[in-house]
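2 protein chains.
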Amino acid sequence: MAHFEGIAFDQALIDGRAVAEVVRAQVAIDVGEFRSEFGRAPGLGTLLVGDDPASATYIRMKHRACEEVGIASIHRTLPADATQEDVERVTHELVADDAVDGVLVQVPLPAGLDPEPVILAVPPTKDVDGFHPWNLGAIASTLDGIASCTPQGVMTLLDAYDVPLVGAEAVVVGRSRTVGMPMAMLLLQRNATVTVTHHLTRDLAKATREADVLIVAAGVPGLITADMVKPGAVVVDIGTTHTPDGLRGDVLFDDVAKVARLVSPVPGGVGPMTIATLLQSTLKLAQARARARA
Amino acid sequence: MAHFEGIAFDQALIDGRAVAEVVRAQVAIDVGEFRSEFGRAPGLGTLLVGDDPASATYIRMKHRACEEVGIASIHRTLPADATQEDVERVTHELVADDAVDGVLVQVPLPAGLDPEPVILAVPPTKDVDGFHPWNLGAIASTLDGIASCTPQGVMTLLDAYDVPLVGAEAVVVGRSRTVGMPMAMLLLQRNATVTVTHHLTRDLAKATREADVLIVAAGVPGLITADMVKPGAVVVDIGTTHTPDGLRGDVLFDDVAKVARLVSPVPGGVGPMTIATLLQSTLKLAQARARARA
Chain A
131 MAHFEGIAFD
141 QALIDGRAVA
151 EVVRAQVAID
161 VGEFRSEFGR
171 APGLGTLLVG
181 DDPASATYIR
191 MKHRACEEVG
201 IASIHRTLPA
211 DATQEDVERV
221 THELVADDAV
231 DGVLVQVPLP
241 AGLDPEPVIL
251 AVPPTKDVDG
261 FHPWNLGAIA
271 STLDGIASCT
281 PQGVMTLLDA
291 YDVPLVGAEA
301 VVVGRSRTVG
311 MPMAMLLLQR
321 NATVTVTHHL
331 TRDLAKATRE
341 ADVLIVAAGV
351 PGLITADMVK
361 PGAVVVDIGT
371 THTPDGLRGD
381 VLFDDVAKVA
391 RLVSPVPGGV
401 GPMTIATLLQ
411 STLKLAQARA
421 RARA
Chain B
131 MAHFEGIAFD
141 QALIDGRAVA
151 EVVRAQVAID
161 VGEFRSEFGR
171 APGLGTLLVG
181 DDPASATYIR
191 MKHRACEEVG
201 IASIHRTLPA
211 DATQEDVERV
221 THELVADDAV
231 DGVLVQVPLP
241 AGLDPEPVIL
251 AVPPTKDVDG
261 FHPWNLGAIA
271 STLDGIASCT
281 PQGVMTLLDA
291 YDVPLVGAEA
301 VVVGRSRTVG
311 MPMAMLLLQR
321 NATVTVTHHL
331 TRDLAKATRE
341 ADVLIVAAGV
351 PGLITADMVK
361 PGAVVVDIGT
371 THTPDGLRGD
381 VLFDDVAKVA
391 RLVSPVPGGV
401 GPMTIATLLQ
411 STLKLAQARA
421 RARA
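Chains as they are written, first to last, in this note's numbering: chain A, 131 to 424; chain B, 131 to 424.
Any given hint could turn out to be false.
Since the list gives no way to pick one copy over another, a pair counts as held whenever it fits inside one copy or between any two copies.
As the list claims (entries may be wrong) - With a cut-off of at most 30 Å between alpha-carbon atoms, the simulated DSS-like pairs for lysine-lysine come out as follows:
| id | residue 1 | residue 2 |
| --- | --- | --- |
| 1 | Lys-414 | Lys-336 |
| 2 | Lys-336 | Lys-388 |
| 3 | Lys-414 | Lys-388 |
| 4 | Lys-360 | Lys-414 |
| 5 | Lys-360 | Lys-336 |
| 6 | Lys-388 | Lys-360 |
Honestly, the hints are just simulated from the structure, not real lab data.
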């Protein structure tokens, strides 16, 4: 686990870039030890389907991050008109590749492709994204599973800032399988009292105002305003929406920063943590696989 | 699905026995159809380890319930001094038995035995108790999984009484893998706003007083008193503790019945639903297995 004592944190800002840098430096050290012990690099297999520019950018960022810490990338691409069978076949090929410890299929897939069988095609032992039901169930059971990168990255952020969680009232806005649900489970594992809200919640402001720790993953730019936040709360913004004015989060940062003790910005908050956590998870899967063989 | 229009419900009491009877009658009809179509009875394989009288009673009740609806029971027992290997071996034998559609290992196991590998020994396709991480993850992902019998039975009760769930504030007390966690996920699937509380929750009464639907699975007799309940709320008591004075629930029934719109008693509330749901789940697994072969 990385240590964060060296960082001089701004009082109100959760600096995801600074924390991610510490995490990546630690992963680089651990990857070095892995390579000496097992004589190979941990490997991340990725599949990009189609030519969505945002997806292509994310994949490039992930590859660069891998390279920086010494993780090998094994990359496959398919055109936008790839069939369901193509996507599943290449996914299976990545899974079968002995050099691949974790398999990441970049989402969203182009319209018309069903992500469900693709998710199930990646076994829990190579499920670096933590999307497989097994991994979600393992987290819900407090077994040792791979949590989806974004919520796991949020936990690392909260720990870096020593945010108390035991008995804290945590409110999660959003309940997606990849973010909101695992987020809620990770907070429960750490003994917070957890409320999950969503677009059918009757009085969202009433719920969020109870939160000592408020995690927002709604994908609705500017959804959370100062009047919805308890004074002194810690607010983490997972929402990222591409708008004509650039990347926007779910939290009105300048407004909320006036009442919250800590707020994470977009960009520069959770985003860098997601990629840093992907590196951690790839290494974790590589270690588990190498040890299972030893 | 069973229909409940015929039952004359008492205004304040959630009558689990009456609802369970309707469910069992429907399962009996569906089992009859299954037998005509596939030429065999659905089969429930059970394993009882040791001589705990309560566990022996539960197993007997389950067998009797199976018999009444036409489900075959395949029963194995092991002495209290059985080894971990014995328990896992017999579990594997039940899983391998072609006549067995669902495998139930009665918990708790005697002290010294680790339930974890036993739970993982039952594959999701025969996991009638819904204890396997896959099934928990499937529920969290709104995939089609087998939910643990007790929370699934609670959902049936809530539906029988037409309790509105969309946007309702639901509070679950307890977060066990087999009850509290799947309960929270099932309520989220039905679009309630869900709060999960536990023994480290700072102000339990504050949380429970917000609940339109309060589900209590703490195992602490008499934990929930009238002052902790919102007037007009629906309260379901999952707690069952064997005391010198008999079976006690987590809810002080007479007290809470004064403020709640509906309360489930112990006994006669959730208990009968757990067994009725076990029958439903055994049939569901049998149908899935038979169809996968057809």
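Hints, one by one, checked against the model:
1. Lys-414 with Lys-336: neither (39 Å within a copy, 40 Å between copies)
2. Lys-336 with Lys-388: Both: 19 Å inside a copy, 27 Å across copies.
3. Lys-414 with Lys-388: neither (39 Å within a copy, 54 Å between copies)
4. Lys-360 with Lys-414: neither (37 Å within a copy, 46 Å between copies)
5. Lys-360 with Lys-336: Both. Shortest intra-copy (10 Å) and inter-copy (16 Å) distances satisfy the 30 Å Cα cut-off.
6. Lys-388 with Lys-360: Answer is within: at 11 Å inside a copy they meet the 30 Å cutoff, but 34 Å across does not.
Checked against the numbered hints listed earlier, the structure breaks hints 1, 3 and 4; every other hint is satisfied.
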